[in-house]
Amino acid sequence: MYDAGKVTIGLLIFLLLVTVPFWYNVAIGKADYAPQLEKPANAEQCIRDTEYMTAYHMNLLNEWRDDVVRNNDRFEVATDGQMREKSLSNTCLSCHTSKEKFCDQCHDYLGVEPYCWDCHVIPEELGQ
Amino acid sequence: MSIDRRKFIRLSGLTALGLAGASAGNVLSDNAVDSTEAPQTHAPLVGKRWAMVIDIRKCMAAPDCNECSKACHYVHNVPDFDNPKDEIKWIWKETFHHAFHDEGHEHIEEAIKHAKLPVLCNHCDDPPCARVCPTGATWKREEDGIVMMDWHRCIGCRYCMAACPYGSRSFNWRDPRPHIKEVRSDFPARMRGVVEKCTLCDERLARGKLPACVEACKEGALTFGDLEDPNSEVRNLLREHFTIRRKPGLGTQPEIYYIV
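So the sequence lines, in the order shown, correspond to chains A and B. Here my numbering is used: the first residue of the first sequence is 25, the next is one more, and so on. Here my numbering is used: the first residue of the second sequence is 41, the next is one more, and so on.
Next up, chain B with everything else stripped away, as it sits in the complex (with noise of 0.2 Å):
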């Protein structure tokens, strides 16, 4: 079949035609969505860069106070196995001069160097885990800054858990359901195979709840809020007191702040 220079230019001037056609349609669709959509009935927490602060002096005042890990483990089905081997871990406490090894020296403060202070993913801003990850299971969140992981997806490599530099990641070597404490089903459990950490409750986020941890400390010594925000209770703690991050040498730009 032939077609001339003539029948060319109008075919295709009516096809710019109709795609224009179709596209103002699809606007107007849109705006018809819109309009009949009902109120936002779970206003979620918004931030740009969400962050916490960790008091480290308050944490001091209450050396076996673990509410923080217990309220999370809770309620993100998280296995106990009694086992350090075996271990999964969001948040749980360590010693200071095992979370800052760099940080203190020979001399330090005996109470300093044995205090016991909560760690947790530092949800950094270049995460080496989410670059690692092949299957793109985990990543950083471009809205708020979160590492997220996405299970369904994860292949159990444990890429992420040789380039985390701060142990936050947990392997589950075996089936984890026998072992959660109480399961809860508001919240998924894990399957053998796959990795886990701290998601910064994201899902506790999205309904206009602070992460759990930070809603179970009894001492205040927990605060999370929005970096971006200048006027955020985080951002007061960072402008009045000197804190520490873990391991900022190696460029990862963690985002939980301690206050020593």
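Chain A extracted, bound-state conformation (with noise of 0.2 Å):
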């Protein structure tokens, strides 16, 4: 290889540059940073366990779409027994209150921008 020592430096460089972002985190202490979800006060436990819901939330939600809009199927009996509405706004939402200490914290670290939010209503952010 010709001018080998200057293209190994020019390597080194890029991959420097290429890793700015983790230099970055770990240089302002950011680098263990790990989402903070805020859990209800309301309730003990979720509609389906913890483990699926972090993993499929995004599947039941869509399943849930389908189910109330074009099958007119609107109520699901829980893991506990309970009847409950297959609803974001009117059934997550009543116990994660907090969209910005719950949904956010996720979403945002993953750089996900799910379009729920483009019609679906925050009961919290309107008072009720």
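What the hints contain is simulated information worked out from the structure, not anything from laboratory work. Among the hints, erroneous ones may be present.
[Said to hold, decoys possible] Beta-carbon label-pair distances, calculated as ranges:
{"hint": "1", "chain 1": "B", "residue 1": "I284", "chain 2": "A", "residue 2": "Q69", "range": "53 to 61 Å"}
{"hint": "2", "chain 1": "B", "residue 1": "D269", "chain 2": "A", "residue 2": "N95", "range": "19 to 27 Å"}
{"hint": "3", "chain 1": "A", "residue 1": "Q60", "chain 2": "B", "residue 2": "Y114", "range": "32 to 40 Å"}
{"hint": "4", "chain 1": "A", "residue 1": "Q106", "chain 2": "B", "residue 2": "I148", "range": "53 to 61 Å"}
{"hint": "5", "chain 1": "B", "residue 1": "D104", "chain 2": "A", "residue 2": "E149", "range": "29 to 37 Å"}
{"hint": "6", "chain 1": "B", "residue 1": "E182", "chain 2": "A", "residue 2": "Q106", "range": "26 to 34 Å"}
{"hint": "7", "chain 1": "A", "residue 1": "Y139", "chain 2": "B", "residue 2": "N276", "range": "40 to 48 Å"}
[Claimed, not checked] Derived coverage of chain A by chain B (criterion: at least 3 residues anywhere in the stretch with Cβ under 8 Å from a Cβ of chain B; other residues may be distant):
{"hint": "8", "region": "87-96"}
{"hint": "9", "region": "144-151"}
The beta-carbon is built from N, C-alpha and C at its ideal position, and this holds for glycine as well.
Hints are included, so try docking the two chains, each in its own frame, into the full complex.
Below, the structure is given as structure tokens:
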């Protein structure tokens, strides 16, 4: 290889530049940042177990959407035997009242921008 | 790998047995789910063909009344742009000669000609809007005849608006959220680029409530019911009175009837 030394230095500089976001976070002490989810105060248990909800809540919401809008199937019996409405605003957000302290925590961290809120209303923001 | 006839028959027999066993298992588990189901706490209103009868005479008695529209637009987060170009309407008042321009004639009684009556989506039996929708965002619900909308699927092409002969559909040219007077959280708003219209309060029917406009009407001019039930109130009204529908000649079979 010609100019092996220069190429190696160039590659190293390139690597350093590419990984700047990581170094930057280490430097300002945010390397071990993890989303902090605020647990609801008024409920012990979610409508599904936590593991499932963490991984698949979006699938559940999609299923609910199709059930409600397309199949007129609006209520479900949850694992604890209670009847619930299949509704993001009325069911999910009745416990997880703060979108900012719950939903946004992970979505912002992962750079996900779900379009639920283009239409669906957050009760807390209305003061209801 | 080769397989002889005897082996093949034996294998297919076993497979058939296995499949039969699996489906029997499904049947059993289905029953188990049924027995644990909690009692239905929200008894929905169920009908085979929803329809509405509007008594124009009662509307004429209260010419300035707009309660139906107010109630509907409030419960459904319908924006008010205060501008006819951007206007969103689910149910609104129209003069007789506008709503029924092919019915009247030159010498029709003045009071009728200028009578204001509520118009809304006609929930046609053969809805042209549903036929042209390229994404299936609007469709006729087979179980009760409601022409539904799925705002998740609407791409805003406005074919439905061109197809609807009644002008029952409105397009959100601008973000509606800042123009909703009083936002409610129990019903979604819409976003820019989506068409919307009356869904005959499907969300209220599912909770056992009458449509908001019917409930709000102080004159009792709006009657909602099941056309397939011969003893329903709408059928009684249709038997007892002469009724007209908007543009019946187009063959869309509108299901909103007007008593003149």
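Here is what the structure says about each hint:
A C-beta distance of roughly 56 Å is found between I284/B and Q69/A, which places it inside the suggested range of 53 to 61 Å. Between D269/B and N95/A the beta carbon distance is about 23 Å. The supplied range of 19 to 27 Å therefore holds. Between Q60/A and Y114/B the beta carbon distance is about 38 Å. The supplied range of 32 to 40 Å therefore holds. A hinted range of 53 to 61 Å for the beta carbons of Q106/A and I148/B is consistent with their spacing of about 58 Å.
Checked against the hint of 29 to 37 Å, the C-beta distance between D104/B and E149/A comes to roughly 35 Å, which is consistent with it. A hinted range of 26 to 34 Å holds for the C-beta pair E182/B and Q106/A, which are about 31 Å apart. Distance hint check: the CB atoms of Y139/A and N276/B are about 46 Å apart, consistent with the given range 40 to 48 Å. For the region 87-96 of chain A, the assignment as covered by chain B holds, since 4 residues bring a beta-carbon within under 8 Å of that chain's beta-carbons and 3 suffice.
Look at the region 144-151 of chain A against chain B: 5 of its residues bring a Cβ nearer than 8 Å to a Cβ of that chain, three or more, so the hint holds.
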